Amino acid sequence: MTFDNDELLKEFLAETNEQLAGIESDLLVIEEGGENIDEELVNKVFRAAHSIKGGSSLFGLSKIQELAHKTESVLDLIRSRVIAPNPEIVNILLASFDKLRELFENVLESNEMDISEHLVALAGLATSHLPQKDKGLFHQPGKIKLPPGANLKISEMDLEMARKNGQHIYFAEYDLLHDIEHANKNILDVVRLLIAFGKVIDSGVNTDIIGTLDEEPSSAIPFQLLFATEVAPEEIGQILELPSERIKLLASPPKDMPAAPPPLQLSGMKPKQEKARPPAESAQPALEPSTAKAPERQKTAPTKSEGASAPGSEKPKKSTGDGAQASVGVEATVRVSVEVLETLMNLAGELVLSRNQLRESLSCDDLRGVHAGSQRVNLVTTELQEAIMQTRMQPIGNVFSKFPRVVRDMSQTQGKEILLQIEGKEVEMDKTLIEGLNDPLTHMIRNACDHGIESPEERIQKGKPAAGKLMLRAYHEAGQVVIEISDDGKGIDPAKIAASAVSKGLLSPEKLQGMSDGEKVALVFLPGLSTAEKVSEISGRGVGMDVVKSNLDRLGGKVEIESKVGVGTRFCIKLPLTLAIIPSLVVAVSDERFAIPQINVVELTRIPAAQIQKRIEVIGDAEVMTLRGKLIPIVALDTVLGINRYYCDPKTGEKKSERRESIADRRSKRFSGSGSVAGKAITDRDVVTDRRYHASDDLNIVIISTGTFQYGMVVDRFFNTEEIVVKPLGRHLKELHEYAGATIMGDGKVALIIDVSGLAAKASMKHVSGTERAAMIAAESARESRQDMISVLLFNNRPGELCGLPMELVQRVERIKRQQVEYSGGRRTMQYRGSSLPLVTLSDVAKVEPIGEDQQLAVIVSSIAGREVGLLVAMPVDAIQAKMTIDQTTHRQKSISGSAIIRDKTMLLVDIAELVESVFPDWKSNQPQNTGNQGKSSLILLAEDSDFFRGQVKRFIESEGFEVAEAPDGQAAWELLCKLGSKVSLLVTDIEMPRMNGLTLARTVRGDDRFAGLPIIGLTSLAGEEDVMQGKAAGIDDYQIKLDRDRLLASLRRILSHGMAGEA
Amino acid sequence: MSPYSEKIEGTTCTITVEGDFTQGNTSGIRLAIAEAIKNGVTTVKIDMSETNHIDSPSIGILVATHNSLKAVDGKLVIDRVKPHIVELFSFLQLDKRFAVNPA
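Heads up: the sequence lines are chains V and X, in that order.
Each residue of the first sequence is one higher than the one before, counting from 1055 in our numbering.
Each residue of the second sequence is one higher than the one before, counting from 12 in our numbering.
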């Protein structure tokens, strides 16, 4: 079959595709509604079938027309509430629409295709589901008077249906010789045209008046028909193209019926008028139909674009097989609203103007003009890009809409109950992405239904609701589209997956050790791994999740998986909005530039030359770096790609070829070949110092995520992040999987785009997360994170005896001469700012050596018990801030609160308060003691995660006569508070704590009526303005520095004696 | 001039239409069938395997043949009819008057 006008057919196919797109979900809703028929929706589906029927008649697509016609009849019965939709009926309707789609895909062969099965099923529906009384109507002749000579039949059912649908019934008589043959028409076209406008109830040639062969050939061949349509009597002549005397109105709908009911209002009448062209013309249709339809399309598709196009209009012979996939699989055209086209046209105009401006400026060397022009071009280009992007954007609902059907069918065949919840249908993405998403998403949805969600019995047994929940969600996040597929099924068992991977030889048992559960679950993406113990016919089709992943990779997407056994599984797919223009990081190696898609870039890091030795190491044959307690494999981009390396001599600026063989190498070739692990070989040169010292030796590393693992890529230089235009690679380079494409940079040079997964494969990158070393580093980092960050002032007592004093307690440090120290009245003092400053040394109380005679002295001034006191120490004095674990037992003695290892030396932490107290025991009595009204019963709850600080603070609060209840974190504190209730008169809490931090604790306390009046003091190492504000907002009354004993105690006393704080 | 062939076996006359059934062969076929019926033929078979188009006057001939045969208790059979012509006959309800066998 051929068509005279391909364009018109394409147009029709595009329109049809649009109409078919939403039908599936509509039918499912109709099924759900059962007898509560949503007329609007049924009408919508009816209309679709109706216009397919009409359109196909124009093109002589008889099979399509017939099937659409029968489908329409069934929908008509539903619409007029003659039959109620149930799963069986909807099944047949769905199958019919599937078949229609298939016919459209093979439109050229459609007339030869077999549709009988569907016709029989539909016809069966029409009669078998009729209530008994209605069945009778089918056979009961209609009570209507036909014109004399009319040899036609009409049943009471036909009349009833016409009445319900608000249709008129006409009788018309054509003369085949005069009205058809002489008018150059074709009777089939005429009838098809009529079907597009309504229902031909009966038709036939009146054979009686023709006579026999012996008589003169009849001068007329009357063809009569009974026609039910909404077209009004005054317009019917135009449609039928007959003089009015040969048309007879037999029945009209009751007046209270809407003259033209919903199915055929606007959409019904308008196309009809167009299609009412004489059939002879339809053989060579002019452009008119499409132009005439433009305003209407504008109405139906006012948004930027609508998913529509001719299915396979370029290669109509190709079928894509699965009918359900057709709607997104084979679109070759895009519908664009006139509005967007206008915008594009305007912008094109702007661009021309800008070009003219630039040319003008260039010809007269007007630099300012050139600047202005280029700015304009920049602006217009951006807008143009956006506008064009809009034309390619389509709602993701185009893909999502098929899933209710998929889930419904799967749950039916599997005997499961599955509720599908879809969110974010309106999220728009590039057309190519939407098309590419179809297969992976279908697979994942099928997987979830098949393997994820359990049978109702199993679910009930597990205490879950019988119906499983499947959630499909799309949303925008950070310039990407995120699609989540989650179910509340049985989840993926990491052990099972791991065992399967090992048994299939995809992974060695050694590698498995140390792999986290999450990493094990992610093994489902390994090629060749299928978890289903028995491959089911539904999702197990020899295609695994690896195909899903590689499909998504191709789209520039990432997929992550989270699963909990018995709870469910969640897939998270992140995709760029478009593939045509992507933000990318530009890097350089030697003289070549490369683009790395931003979506794959996790972070950029630079390892200073001096730290290379510490942070880069070699495990097996892989080089790795440590990054915040994680081991990440690294690879040098130039090595993988085989680029000759050179380095620029920092002194001479001369280019020399690089001699280091691996990133970890720190010496020249001559010394690295010892066979030992790089960096460990001892040579005389090593003894001197690490030879990397110049800034140009720093390593620039891009941390890259492929979705399944991270690796570091060493490059020479970082440039900007740019929006690059992706150009496909030429045929000859297609086999190079390490490149995803190419782009042209601002200077006209070509930069290749790195395919991060391909590059990792080429570099045979290995997971290192499972190694022993990784576990060690992780443990180390975990230990570090548990340590306390403390600022201390370091000083010497004697050489080699390192001591420290918490910085918070230091007011000033003064360097003094030995002569300044005065001894009088048994007290050691010095003159300081016009008064006497009492001096103490550690050896006064603690069992340490006294400061040597020859040592340079310094005095650390602190305020203890409201007085200033000087701690006499030996130089040098240094301040550091470091994480340290404080040992409170080994070196504990009076005035030494504990020790820590700093710079490979033991540091004694001085407790200056205790020291002063011991030297001047009488000072304490000057302080107001906690002997007031509250008595000794005041219980203070102390929440602090660091053992050291908790011990310290507890000790000096207790020394004031308070009772202390301690908790190692906020959660524990809250539990304790609930237990102790009103016995607690004050809460002192640290801010940074595990499980529940101080701010949350404060909020929790304030949120509970029982503790509304409980004062809260926040403890912190260093409180900034912002922290204080945050704390106040959370309900903290006062902030105190952790080791500033005096102030903390003063605050305690003040708050307790005044009841509530607030004035703090 | 008249692209059709005619074969008479007993009381059966088989007409094979060569090409379309239109003005070109209508009158010839009409005469041939009329003659055959006069000679005692009661079954007329028309082979339309090569026919893609049939015009209204030809439809008139078929109806007239049917009417003539009805008078002698004979029957008209149309064989190997292309789908779209089957469709046409069905619209005209001619398939209810005589046998229409699809190709």
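Wrong hints could be hidden among the right ones.
Computed list of lysine to any residue pairs in SDA-like fashion (alpha-carbon distance at most 20 angstroms, straight line) [said to hold, decoys possible]:
1) LYS81(X) x GLY1265(V)
2) LYS86(X) x ASP2062(V)
3) LYS93(X) x ARG1660(V)
4) LYS81(X) x GLY51(X)
5) LYS1901(V) x GLU1971(V)
6) LYS1239(V) x GLY35(X)
7) LYS1207(V) x ASP66(X)
8) LYS107(X) x SER1209(V)
9) LYS86(X) x THR1266(V)
10) LYS49(X) x ALA1634(V)
11) LYS1239(V) x LYS107(X)
12) LYS1064(V) x ILE1146(V)
13) LYS1239(V) x GLY51(X)
14) LYS81(X) x SER1209(V)
15) LYS93(X) x GLY1114(V)
16) LYS93(X) x ASP1243(V)
17) LYS49(X) x GLY1265(V)
18) LYS86(X) x SER1170(V)
19) LYS1239(V) x LYS1207(V)
20) LYS1523(V) x VAL1556(V)
21) LYS1207(V) x GLY35(X)
22) LYS1239(V) x SER101(X)
23) LYS93(X) x ARG2101(V)
24) LYS107(X) x LYS1901(V)
Non-contacting residues of chain X with respect to chain V, defined by C-beta distances greater than 12 angstroms in every case (computed) [as the list claims (entries may be wrong)]:
25) GLY51
26) THR54
27) LYS56
28) THR76
29) ARG108
Treat the hints as calculated values from the structure; they're not laboratory data.
Quick caveat, the model's predicted, so the values are computed rather than measured.
Even for Gly, the Cβ is constructed at its ideal location relative to N, Cα and C.
Open item on the list: Flag every earlier hint the structure violates by its number, smallest first.
Closed with: 2, 3, 7, 10, 11, 12, 13, 14, 18, 19, 20, 21, 23, 24, 28 and 29
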